[in-house]
Amino acid sequence: MRTTPTAPRPAVRRLAFGIGTIALLATLAACNREQRRFRESPPSTSPSAVRVSALQPGTVQDTAHAPGPYDDVAYHVSEGQRLFGWYNCAGCHANGGGGMGPPLMDEKWIYGSAPEQIFNTIVQGRPNGMPSFAGKIPTPQVWELVAYVRSLSAQNSTGARSARSDHMMMYPGSGSLQDATTPVKSFHPPAAEMP
Amino acid sequence: MMLVDGLRGALNQSALEPAGPQAATVAHLWWFAFIVASAVYLATMGALWWAARRARRREERGEVLDEALAEPRMTRGVTWATAATIVILLVFLVTDLSVGRTLSPVPSKRPLTIEVTGHQWWWEVAYADTSPHGRFTTANEIHVPTGRPVLFVLNSQDVIHSIWVPNLAGKKDLIPGYTQSWWFQADTAGLYRGQCAEFCGLQHAKMAFQVVAESPDRFARWVSLQQQPAMSSTDSTASRGREVFLTGPCAMCHSIEGTSAGSHAGPDLTHLASRRTIAAGTLPNTRGALAGWIVDPQRIKPGANMPPNQLEPKDLDALLTYLQSLK
Amino acid sequence: MARCRPVVSRRSVRAVTSVARIRVVVTVAAGVLAGACTREGKPEPPRREAASALPPSAAPRASAVLDAEDGQWTMPMKSYNGIRYSQLAQITAANVKDLRPAWTFSMSVLRGHEEPPIVANNTMYVLTPFPNILYALDLDGNKKWQYEPNPQAEAQGVACCDVVNRGPSFADGKIVFNTLDNHVVAVDAASGKEVWKTKVGDINIGETMTMAPLVVNGKVLVGNSGGEMGVRGWLKALDLASGRVLWTAYSTGPDSDVKIGARFKAFYPKDRGKDLGVNTWQGEQWKIGGGNVWGWVTYDPAANLVYYGTANPGPWNPDQRPGDNKWTSTLFARDPNTGEAVWAYQLSPHDLHDYDGVNESVLIDVPWKGQTRKALIRADRNGYVYLIDRTTGEVLSAEPFVYITTSRRVNVSNGSLEYVPGKKPQIGEVVREICPASPGGKDWQPSSFSPRTGLLYIPHQNLCEDEEGVEANYIAGTPYVGMNVRMYAGPGGHRGELTAWDPVAARPAWTINEKFPVWSGTVVTAGDVVFYGTMDGWFKAVDARTGAPLWQYRTGSGIIGQPVTYRGPDGKQYVAVVSGVGGWAGAIVAGGLDPRDSTAALGFAAAMKDLPDATQKGGTLYVFSLP
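The listed protein sequences derive, respectively, from chains A, B and C. To convert a position in the first sequence, counted from 1, into the working numbering, add 103. To convert a position in the second sequence, counted from 1, into the working numbering, add 31. To convert a position in the third sequence, counted from 1, into the working numbering, add 85.
The set of hints was computed from the structure by calculation and includes no laboratory data. Remember, predicted model here, so these are calculated numbers, not experimental data. Hints may be right or wrong, so weigh each one.
Computed from the model, here is a short list of chain C residues facing chain A with C-beta under 8 Å [to be verified]:
#1 Asn558
#2 Ala561
#3 Asp679
Where a beta carbon is used, it is the ideal one built from N, C-alpha and C, also for glycine.
One chain only, chain A, in its complex shape (with noise of 0.2 Å):
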């Protein structure tokens, strides 16, 4: 700027300003969506602090439950889908569909959708078939599959979510994740698919 002979007129340099400070926000908020937390050990949930039914004698209390420390990030989100196949996650429940587990990316949940409630299913496992993974996964680990879990019913934002899996999975225009919570009725014949 200050090389150039001549300054620019004071609406030019509003707008770059503008401009400038949009882009600021953007890259911020891309840089949680893109942080890397490799160190850290979120908490594990107590199992007396998460509830599974909504039900409540008396006075209902306050049932709010808090994000995921990773639904948002998409490095941990990729990390649980790597993790959701190694640890034989979709043995069960294929790739959201379900199989011998039910399937994961339509709105029905058993126990609940809440990070902590997610978190608590794996930790726990549940008496119809859902093994307890407790002493199995290391608590950032579970957390990651939370996050991924969620991803897979589109509970997260967006932006986190895989765009595209790199396996055979979805049939063409529900190709991608982002589409989980569009019910789809009709189907394109796989014949039509893509290589």
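Once you've looked at the hints, dock chains B and C against the given chain A.
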């Protein structure tokens, strides 16, 4: 200690100290190119110096350049320079092609076949055998017999990696979903450091391995040891460590042949104690390094897929004893 | 694209082009999946038509040994030879159109009902899927008693393909059955009191039990399930009186574990050698290598041998288990008294596509090159109908009954299945058009054989799939599969077929196409009627000679059970079947799966995404009779 080890590793990672015919040919090509290029460089510099000196002398003497004479001289000079460049480039091309031809065919002698799979950020190494029962898997350390060609079948589990052992052969990419082959022969016994040579993510720099070239006898002994399932120690601390391993998070990712641990997410640990390094050539395989790696791997290799593990001190101690018993 | 090629395997072509006399009414799906082909302007595959409805009366015909008809149905297969043929002839092709429900009974469980009701001593016994409740009903449908074994609920989490049970068996005044959590239970048939209950497996390593036990010589033969969980397969014999385990024959491991000894003599050299159950595996993989026994066991009293097949090797991903993986996908003949193997034949060595070998071996006698051979016939998952000499294990013929792309043929001279190299699933690569799909040409659903027509009635599916290998991690008690799968209809666009197979000519006599896989069993009677059910809830009767449809009735839910027929105390012939969709094929309804993920239910949901519109969960026993 680490520093010394690192230095020693560095000593054994040089394309100019070939330990086999592959690397020797590469080294010859390198020396040839170096000498020719140096000669050309010196000649060019010499000519430049000579021209500059002559021009200054002329100026001092007050001579005036004869335009009529200068033109053909210039043409002659440019022609010679162009011809020399073409000839030298042709020589390079021919040498390069001939080296490529020498190196590419897989040796006709029945080679040893080793499957190497790249992972973020470690190397899975599987030794094929005539019977499936003799096949075994290890990690980050490739043992080869001297004097016998070794054929590698290369694959990748995640992203593109590249295998490079400068003392033994040039590099080759490992591409997911596409099988490549690569071969070398080690003539001189020794320890050679290899390294991933294609940027593959956060810990690319710490994705190393060692090639142990040893006499065929020693190699055969090593193979028969590796084919055994893990030893079951009678030591009570080691048995406790085994329990910690199998009931805790370790068994979610690692396998130990002879136990119920059969996950392939991380390196196979059946004979961990027989290996020289841990964490893909990053740390020496000592009790202290192992403890540090288990408890806080993210300090050593941030972003690596090994999670931090919170273990009771006596459980950690038992686990270390068990892991060190896996000879 | 090439998926739509109207290619039918060599034999089938011959069957199609042979003189067609009567055209079977073809129930084709209204272009639901076929649309993929027609829309692209590809020709539809040739419609299968009835070939000569029956071999001419003079032509040699397969037969079977028949016991005297007692009007009962005491085990799921009715008889040891597994032919599921009733000599009752009150219901005939002429009067079956008058069939109507006599009574129904609610099973109170809404998962897949693969079980048959069984009838003994004027009592009907019917067992539900998990929680495996056993009901005893009189033959008017009144409940006499019920027995609840209360299996562990967690067992549901390790049951690969719905929490089904394939039925109880009646023997010596007891009803014997398996529970999902690995207990074998004997209940007094009269009182409903538990006689003994033996635990034979562990859900924590992924083991479950779904098969129907077979009682032979006072021994209860049972096997385990868990081929998708890295469970080592076995067949055990329990003492019928005490429930004590008498012997265990593993499907993998050293010869001593597999009970291969002095009496063992495999017909083909490829199945001979010492400790093949160890040496054909890398390291100790045989300990988690599958080969489970969850299908049908048949018994030849004359030879005193039982015949059964072992399931797929684990994991599905073949790259992770180099070698032939013996003795998975293998047919065994054993002495039921000692468990010793007499011969074995590996049907699908180093199985690539989850082609279990558990399907029923139906014991028949076949005129073969001038002499009558004691044979067994089996429609295998790998797509071939094998006719095998049951005394030696020699393959007499093996001809495709579905569209096959995964193998070229079965070489009967050396017994090898010749794989097509390009169809092997790879890690990180999608291999397309794998036919038949993982449930195979035919899955567990049992076929029936009529000595009157000499035909085998095979209920089966017509599915292909795409596969992508992924690295499988063995973590005990969790799935060990390593494959992304997506299934779709095979050539023609229909997903199921009922094929009447002529064992002598080794070709189909007639075929009926169904919209959904025919996941129910079949039964055939001396009235020349074949009964089967469809996944959209129709219970059907067709002419055993021509395949002409005779009668159908819409039940409350899809049918995947095994129909039976018996004579009531009033002297009338009854036909019974349980309706209640589920199983692997019906998991999309029974488990409420989301088909937007085409790999749901190991890829089966992709092929069944219109099933939720066609049927609902259910669990009702239907009993039919003539007025």
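Hint-by-hint comparison with the structure:
1. Asn558: Holds - the Cβ of asparagine 558(C) comes within 8 Å of chain A, reaching about 6 Å at its closest.
2. Ala561: Check failed: Cβ of alanine 561(C) comes no nearer than 10 Å to chain A, outside 8 Å.
3. Asp679: 4 Å, holds
In terms of the numbered hints stated before, the structure departs from hint 2 and from no other.
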